[in-house]
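Listed below are the residues making up each chain.
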Amino acid sequence: MPTSALPESGLPAPAGPSPARSRTTPRAVLLWTAVALLGAVGWGVLALARGERISAVWLVVAALGSYAIAYRFYSRFIVRRVLKPDDRRATPAERLEDGVDFQPTDRRVLLGHHFAAIAGAGPLVGPVLAAQMGYLPGTLWIVAGVIFAGAVQDMVVLFLSMRRDGTSLGQMARDEIGRAGGAAALIAVFAIMIILLGVLALVVVNALAHSPWGTFSVAMTIPIALFMGLWLHILRPGRVVEASVIGVALLLLAIVGGGWIEKSSLADAFTLSPTTLVFCLIGYGFVASVLPVWMLLAPRDYLSTFMKIGTIALLAVGVVVAAPVLRADSVSDFASSGAGPVFAGALFPFLFITIACGALSGFHSLVASGTTPKLIQKESQVRLIGYGAMLMESFVAIMALIAAATLEPGLYYAMNAPAGLLGTTAESASHAVAGLGFTITPDQLTHAAKAVEEQTLIARSGGAPTLAVGMSEIFSGVFGGTALKAFWYHFAIMFEALFILTTVDAGTRVGRFMLQDMLGNVWKPIGRVNWKPGIWLCSGLVVAAWGYFLHSGATDPLGGINQLFPLFGIANQLLAAVALTVCTTVLIKSGRLRWAWVTGVPLAWVVAITFTAGWQKIFSDDPRIGFFAQRTRYSDALDAGQVLPPAKTLDDMHTVVTNSTVDGVLIALFLLLVAVVIGNAAVVCVRAVRSPVPLPTTEAPYTESRIDVPEQAAEPLVGARP
Amino acid sequence: MSMPRWARAVRWYLRELTGEAEYDRYCERHRRHHPLAPVPTRREYEALRTLHRETHPQSRCC
Chain F
1 MPTSALPESG LPAPAGPSPA RSRTTPRAVL LWTAVALLGA VGWGVLALAR GERISAVWLV
61 VAALGSYAIA YRFYSRFIVR RVLKPDDRRA TPAERLEDGV DFQPTDRRVL LGHHFAAIAG
121 AGPLVGPVLA AQMGYLPGTL WIVAGVIFAG AVQDMVVLFL SMRRDGTSLG QMARDEIGRA
181 GGAAALIAVF AIMIILLGVL ALVVVNALAH SPWGTFSVAM TIPIALFMGL WLHILRPGRV
241 VEASVIGVAL LLLAIVGGGW IEKSSLADAF TLSPTTLVFC LIGYGFVASV LPVWMLLAPR
301 DYLSTFMKIG TIALLAVGVV VAAPVLRADS VSDFASSGAG PVFAGALFPF LFITIACGAL
361 SGFHSLVASG TTPKLIQKES QVRLIGYGAM LMESFVAIMA LIAAATLEPG LYYAMNAPAG
421 LLGTTAESAS HAVAGLGFTI TPDQLTHAAK AVEEQTLIAR SGGAPTLAVG MSEIFSGVFG
481 GTALKAFWYH FAIMFEALFI LTTVDAGTRV GRFMLQDMLG NVWKPIGRVN WKPGIWLCSG
541 LVVAAWGYFL HSGATDPLGG INQLFPLFGI ANQLLAAVAL TVCTTVLIKS GRLRWAWVTG
601 VPLAWVVAIT FTAGWQKIFS DDPRIGFFAQ RTRYSDALDA GQVLPPAKTL DDMHTVVTNS
661 TVDGVLIALF LLLVAVVIGN AAVVCVRAVR SPVPLPTTEA PYTESRIDVP EQAAEPLVGA
721 RP
Chain Y
1 MSMPRWARAV RWYLRELTGE AEYDRYCERH RRHHPLAPVP TRREYEALRT LHRETHPQSR
61 CC
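If you're matching them up, the sequences are chains F and Y in order. The first sequence begins at 1 in full-length UniProt numbering and counts up by one. The second sequence begins at 1 in full-length UniProt numbering and counts up by one.
There may be inaccurate statements among the hints.
Derived SDA-like pairs (lysine to any residue); straight-line CA-CA distance at most 20 Å [what the hints assert, rightly or not]:
1. F:263 <-> F:552
2. F:532 <-> F:548
3. F:648 <-> F:425
4. F:648 <-> F:552
5. F:524 <-> Y:55
6. F:308 <-> F:222
7. F:532 <-> Y:56
8. F:532 <-> Y:52
9. F:308 <-> Y:11
10. F:450 <-> F:308
11. F:308 <-> Y:13
12. F:308 <-> Y:10
13. F:263 <-> F:308
14. F:308 <-> Y:20
15. F:84 <-> F:72
16. F:532 <-> Y:54
17. F:532 <-> Y:55
18. F:450 <-> F:648
These aren't lab readings, by the way, just hints derived from the structure by calculation.
Go ahead and model the full structure; you've got the sequences and the hints to work with.
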């Protein structure tokens, strides 16, 4: 790996850290050799364990070792050779400081901000679903994906946006690629966000359906947030820390209270069907997006951040202390057969789109080109904040995978296969799981549900309940024993629902602004941010759009997660393709063709997986994979007056036909939009390579920095390792 | 590090992370730029900040 400290001849000396400072000492060599060895031992154990159950600690060791090496060597290489940040150059936070949007922020604080903004339910859901292929493929992709693609994307987008005064990804696509590419990127971003919100809300619906405990405690987050809002707005303005402490305490009380409700006569009032929950969420989403932010959105955001950091730390401690064994196969038969019940399709490409967040997530590029670039104090800090935060998210994904892989496979499939396959009774589910090649007795299934005080665990797909059962196993092994299992289960459900509802609030609002902006071009008044009817109309449209997907997912006879999750994964990864296209184009335009592979190779990979997956979803003859093949199968049967299982009525048949048509058309539309962006970018790149002088880019001009960060060493390594 | 130092560090981090400390910075900046104008009260500042959040939604990832 080219990590030599000396600049190569013909190239300007790398800016920032001077070669003298990065002199390698024998101690450092020894330390990094040890880290590399430890990581290698972890991988070795994972690779060589066959037929025996190994401890999850080896997964943690392998992942952390790899992250440390990647951060120390690969991210440093990218920073020094490719991006070349210059700490003498003033960042937009310094030049444009206004105390509001632009503000030089301590890097450790900004790392926390950025991490809280990028990490949510995504890295918890994808790996759980992907566990159907075994823990090894998922782990390999999460670790390799983050090192070579995900963290690189986040860091490079952050750097480019920072050099452009914090412009958004859509704007960068427009400026650096062209009008067609920019417009396609903008529409793609909007459409992808709608799908994302719909699928995430579906995870909440699947977690709360027929669960009075979960429904009560999640419902209580609304009055708690309102109370915190009042506290912060009226009683004691701005005292966020104390309000959050009170909020978290109330939240824990709400989880305990859910247990009382479940045993009381109120239980029926909180036992809701998926369809009822869908309408509750749609109503909630609309109200939350038009209420003033101080009432609901802001306090919820604080709660969610505290819970996020606390729970993730707790999970890390739990995994290391409890050291659970991995019960799933390292590589399951579904990896090659593609006949898995959780999601259909073979390992390539479907594993890589099922695990998006945690390995490579396009959505991060929106955060990395949003608030964060406006707060960076020194250019070289993009390494800690962009690359480092993403490594931390990846570690969250690894822990989610561990939680899922520690479950008995029989239970895992009984929870994650579609309801149509499993039926509704413990006997039918046990039978169906046996058909998949795993065993769980009806008694075990009933007992598992009783242990977490749920009516049933059958067909609770969506990832959240599985993760919650896994977490409750791990936590109860460390804190409180089996008596607290139900508490930990609902704690996990609550914290995932909290993340997701925060994302839904914020996403609906962002979507509304985008829509107002777009429609404002057609009819001026709608673009005005203070015109109430415009706000209501646009909020309503955004909520209706994701609500449609939520409803169709919750009522889909084939299983909403099974149908929609690939759509979500493809959409998210296509957004990553757009972001990496922008990065690669800028690298080439700014005369760094030699290093364009740094973002070009991940781009090629993500294009390969998304277009292969998209192609299969559209053109596959297998009705389990191809949306149109599925449509044909069901509409033919419908013409013949037949009802194909798992559909039960003719209405179900119509639903399947409609849903598969919509999903298929959407995937085609996404692929088309991204192809336009990439095509346009390719033209620009060829022009840039042929041009004798560098093409103009929109980088802000150099201004000398006047702030010093004395405690910052040339290499921001302190606290960097996740 | 001793206990009080730890507690101070944790408090500092939480105040910075939640934005509670932003008011102090804002006041300091305000005095620098407009030495004669009165500094807004905490309540006034929070109203300004809320208004800003209202019009600048931040997307959260999944």
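Hints, verified against the model:
no.: 1; hint: F:263 <-> F:552; result: 32 Å, violated
no.: 2; hint: F:532 <-> F:548; result: 24 Å, violated
no.: 3; hint: F:648 <-> F:425; result: 17 Å, holds
no.: 4; hint: F:648 <-> F:552; result: 16 Å, holds
no.: 5; hint: F:524 <-> Y:55; result: 17 Å, holds
no.: 6; hint: F:308 <-> F:222; result: 18 Å, holds
no.: 7; hint: F:532 <-> Y:56; result: 16 Å, holds
no.: 8; hint: F:532 <-> Y:52; result: 17 Å, holds
no.: 9; hint: F:308 <-> Y:11; result: 18 Å, holds
no.: 10; hint: F:450 <-> F:308; result: 27 Å, violated
no.: 11; hint: F:308 <-> Y:13; result: 16 Å, holds
no.: 12; hint: F:308 <-> Y:10; result: 17 Å, holds
no.: 13; hint: F:263 <-> F:308; result: 29 Å, violated
no.: 14; hint: F:308 <-> Y:20; result: 19 Å, holds
no.: 15; hint: F:84 <-> F:72; result: 16 Å, holds
no.: 16; hint: F:532 <-> Y:54; result: 13 Å, holds
no.: 17; hint: F:532 <-> Y:55; result: 13 Å, holds
no.: 18; hint: F:450 <-> F:648; result: 29 Å, violated
Hint violations for this structure: numbers 1, 2, 10, 13 and 18, all remaining hints satisfied.
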